[in-house]
Amino acid sequence: MKKIINIVILSVALLLIAGTRGDAKEFVSSNVKLEGNANGIVYLPGDEPFLELNNMVPGDNIKRRLILSNEFTDSYEIFIRAERITVKEENDLLEKLKMKISYNNSLLHDGNATGWKSIKENTSLGKIRPGETKELVAEVNLDGESTGNEYKGKSGEVNWIFTAVRIPSDGDILPSNPPKTGDDGVLGYLRVIILSLIAIRVINRKGKKA
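Sequential numbering from 86 applies to the sequence shown in the working numbering.
Just to be clear, a hint being listed does not mean it is correct.
What the hints assert, rightly or not - As a list, the in silico DSBU-like pairs of lysine-lysine whose alpha-carbon atoms are at most 30 Å apart: (1) K239 / K212; (2) K183 / K237; (3) K202 / K183; (4) K237 / K219; (5) K185 / K148; (6) K212 / K237; (7) K148 / K239; (8) K173 / K183; (9) K202 / K237; (10) K239 / K202; (11) K148 / K212; (12) K148 / K237; (13) K185 / K173; (14) K148 / K219; (15) K239 / K173; (16) K219 / K205; (17) K183 / K205; (18) K237 / K185; (19) K219 / K173; (20) K239 / K205; (21) K202 / K148; (22) K173 / K212; (23) K185 / K239; (24) K185 / K205; (25) K239 / K219; (26) K219 / K185.
Said to hold, decoys possible - Here are the computed distance ranges between Cβ atoms for each label pair: (27) S254 / N176: 25 to 33 Å; (28) E235 / G211: 23 to 31 Å; (29) P253 / D145: 23 to 31 Å; (30) T158 / E235: 21 to 29 Å; (31) G233 / S187: 38 to 46 Å; (32) K212 / G233: 44 to 52 Å; (33) R214 / K237: 42 to 50 Å.
I should point out that these hints are in silico values taken from the structure, not numbers from a laboratory.
Even for Gly, the Cβ is constructed at its ideal location relative to N, Cα and C.
Construct all of the structure, not just a fragment, from the sequences and the given hints.
Here it is as structure tokens:
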């Protein structure tokens, strides 16, 4: 039977806390929700949802991009980390999916969709100055030769979390330590959280061979 992969991002939410308001940038993607002041650091270009593709045949891939554009008056250091939601299991689908992430034309992650090792902990993307724009590109591929019926009905969820930490304009020095997970934040810190919930379901199409 031919295996069909449905990859759907259920939601992407941005939360902006304790920051200076900048020029608004709209999300035109239907699966993106803005809360509070979430406009000025990370946004999706165009009218396509981030990493969403239905009826993906093994061997196909999906490629999307995020734009990081600083519309504020201060510089920010940006951190990224991936948090796995679903529990690891036998014939794990997240480990089967191959993912590449590049940032500002440099390879950030080349491995499976869990983000293991490369971005499991807060990883600095460097400083973004006022008016500066950079691009993050994510590409996911499903291996066509080794994806069998054992992956039928499998699903996986991963959260991507972006954190932006304000750099004082007088010092303009990067923080020595990455932000801690679960930090509530204080005045002078700007946190942008992108929750990218990936639900991946594998089903078989009846009457056709793989």
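A quick look at each hint next to the structure:
1. K239 / K212: Violated, at roughly 38 Å.
2. K183 / K237: holds (18 Å)
3. K202 / K183: holds (14 Å)
4. K237 / K219: This hinted pair is violated, its Cα atoms lying about 38 Å apart.
5. K185 / K148: Cα-Cα ~9 Å, so holds.
6. K212 / K237: Violated. K212 to K237 sits at ~42 Å, over the 30 Å cutoff.
7. K148 / K239: Within the cut-off at roughly 21 Å; holds.
8. K173 / K183: holds (16 Å)
9. K202 / K237: Distance ~27 Å between K202 and K237 Cα, so the pair holds.
10. K239 / K202: holds (23 Å)
11. K148 / K212: holds (25 Å)
12. K148 / K237: With a Cα-Cα distance of about 23 Å, the restraint between K148 and K237 holds, given a limit of 30 Å.
13. K185 / K173: holds (20 Å)
14. K148 / K219: holds (17 Å)
15. K239 / K173: holds (11 Å)
16. K219 / K205: holds (22 Å)
17. K183 / K205: holds (15 Å)
18. K237 / K185: With a Cα-Cα distance of about 24 Å, the restraint between K237 and K185 holds, given a limit of 30 Å.
19. K219 / K173: violated (33 Å)
20. K239 / K205: holds (22 Å)
21. K202 / K148: holds (21 Å)
22. K173 / K212: Given that 30 Å is the threshold and the Cα spacing comes to 34 Å, the pair is violated.
23. K185 / K239: It holds: about 21 Å lies between the C-alpha atoms, which stays within 30 Å.
24. K185 / K205: holds (14 Å)
25. K239 / K219: violated (34 Å)
26. K219 / K185: holds (17 Å)
27. S254 / N176: 25 to 33 Å: This hint is violated: roughly 52 Å between Cβ atoms.
28. E235 / G211: 23 to 31 Å: With a Cβ separation near 41 Å, E235 and G211 fall outside 23 to 31 Å, so the hint is violated.
29. P253 / D145: 23 to 31 Å: violated (46 Å)
30. T158 / E235: 21 to 29 Å: Violated, at about 53 Å.
31. G233 / S187: 38 to 46 Å: violated (30 Å)
32. K212 / G233: 44 to 52 Å: Taking Cβ atoms as reference, K212 and G233 lie about 45 Å apart, which means the hint holds.
33. R214 / K237: 42 to 50 Å: Because 49 Å falls inside the window, the suggested range holds.
Hint compliance for this structure: hints 1, 4, 6, 19, 22, 25, 27, 28, 29, 30, 31 are broken, all remaining hints hold.
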